Amino acid sequence: MGHVVLNAMSMIGMSKSLRVDAELRRNLDELQRVTSKCSHLTDRERLHVKGVQQLAEGYSTPLHLS
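Residue numbers (the working numbering): 127 to 192.
Please note that the accuracy of each hint is not assured.
In silico SDA-like links for lysine to any residue, alpha-carbon gap of 25 Å or less [said to hold, decoys possible]:
1) K176 - C164
2) K176 - A148
3) K163 - N153
4) K163 - L150
5) K176 - N153
6) K176 - Q158
7) K176 - S165
8) K176 - D155
Bear in mind the hints are in silico, worked out from the structure with no lab data behind them. In this text, all values refer to a predicted model and were calculated from it rather than measured experimentally.
Full structure from sequences and hints, please.
In structure tokens, the structure reads:
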């Protein structure tokens, strides 16, 4: 969950964008890698990861679950 909070705060608090911030892209790639390897994450944690990824991609409406 630390990765989720760090990346979300970077995007919201510092207005970072995937288009111009290579470090943010690396951090989100790492988040995806860790998430895919981690078998003990709860559904709630997985939804938080998905929410951060969607925020990074520009979604500003409620979570797209599809």
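Taking the hints in turn, this is what the structure says about them:
1. K176 - C164: Between K176 and C164 the Cα gap is close to 14 Å, so the pair holds against 25 Å.
2. K176 - A148: Measuring from Cα to Cα gives roughly 19 Å; hence the hint holds.
3. K163 - N153: holds (15 Å)
4. K163 - L150: Cα-Cα ~20 Å, so holds.
5. K176 - N153: OK: K176 and N153 at ~14 Å, within 25 Å.
6. K176 - Q158: Given pair K176, Q158 holds - Cα atoms ~9 Å apart, limit 25 Å.
7. K176 - S165: holds (16 Å)
8. K176 - D155: holds (12 Å)
Checked against the numbered hints given earlier, this structure breaks none of them.
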